[in-house]
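Trainee: Sequence:
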Amino acid sequence: MAYAPSLAFCIVAAMLIFRLSKFPIDSSVMQKKIFKKVFLLSMILLIPFSIKTISRNFLWKDPITLFSHDIPYLKKSVKANDLMASTLVDESNKEKNPIKKEKQLRDAVGYYKTAVANYDEYAIGWNNMGIIYFEHLNEPDSALPCFQKALAGDSTLKIAYFNLARCYEVFNDAKNACKFYDKYLKWDSTNAKVYSYITKIYFLNGDFNSAQYYNRLAIQNAPNSEDPYIDKGYLMMSLRDTVSAIVAFETAIEKNSKNPKLCSFLENYFRKKGNTTRAAYYKDLGNKTIK
37 MAYAPSLAFC
47 IVAAMLIFRL
57 SKFPIDSSVM
67 QKKIFKKVFL
77 LSMILLIPFS
87 IKTISRNFLW
97 KDPITLFSHD
107 IPYLKKSVKA
117 NDLMASTLVD
127 ESNKEKNPIK
137 KEKQLRDAVG
147 YYKTAVANYD
157 EYAIGWNNMG
167 IIYFEHLNEP
177 DSALPCFQKA
187 LAGDSTLKIA
197 YFNLARCYEV
207 FNDAKNACKF
217 YDKYLKWDST
227 NAKVYSYITK
237 IYFLNGDFNS
247 AQYYNRLAIQ
257 NAPNSEDPYI
267 DKGYLMMSLR
277 DTVSAIVAFE
287 TAIEKNSKNP
297 KLCSFLENYF
307 RKKGNTTRAA
317 YYKDLGNKTI
327 K
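The opening position of the sequence shown corresponds to residue 37 in this note's numbering, with each subsequent residue numbered one higher.
Don't read these hints as lab results, they were simulated from the structure. For clarity, every value in this text was computed on a predicted model and none was experimentally measured. All C-beta atoms in this analysis are idealised placements derived from N, C-alpha and C, irrespective of residue type, glycine included. One or more hints might be untrue.
[Claimed, not checked] The following label-pair restraints were derived from C-beta to C-beta distances:
| id | residue 1 | residue 2 | range |
| --- | --- | --- | --- |
| 1 | Thr287 | Ile107 | 27 to 33 Å |
| 2 | Trp223 | Lys309 | 42 to 48 Å |
| 3 | Glu131 | Ser274 | 40 to 46 Å |
Model the full structure from these sequences, guided by the hints.
Mentor: This is how it looks when you write it as structure tokens:
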């Protein structure tokens, strides 16, 4: 399908060859002299085209080689610069040398900058640039305005709300972190991890009521996840309500038994309480998880 646009060009080129040779297209008689003209005109076009095609094949060694060759001619193309940037990020994920890896990522940022310079409202480009700064280069100061620009360009880009919240969390800006996590939940109300992030932020900042509120929302909207019950367990432990905490932790294990740390905690708890049956159960469950 990528070469479909060339079909019309091929048809027009064939028509021109026949026109120049004055060979009637609808003729059923192939006149020898005219056929030679058609053949020669075809060769004039095909030989240079074939040489160019063969030389071009060397550029298809890998995506980076191909895109690096073409990108100087496509500086005004948002998509071309985006493609070059995303390809460099993919290559950086395979690179073991940290110096080469960082160079690839910096180059990717440069191409994203070109893309958004051509179209300032290119939200995905801003968001992806922010991800490089935040996740790969550990530069949240540079990432923050990228995510803000992403949302300015497209207020429906839900992942940008999540990424912006993470940035604010790194800056210990609890108010804005919770604000943008909450906005993200408007788009993805069943994401247990995000509820957990908000719960922990409120808890660590001494707002226990808000922490409990979001924990209840998590249990209500993501009932099949273990995360809300683990959070509830820690909240209950902070209130010295050990019985409620253990119930929450056991419910979390029912949701997902592959948690050796929690299994170990429950094993030790029941062993101290003299409940060797429950202790053995969680010991066995933890060992199975490790294996």
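Trainee: Return the numbers of the hints above that this structure violates; sort them in rising order.
Mentor: 1
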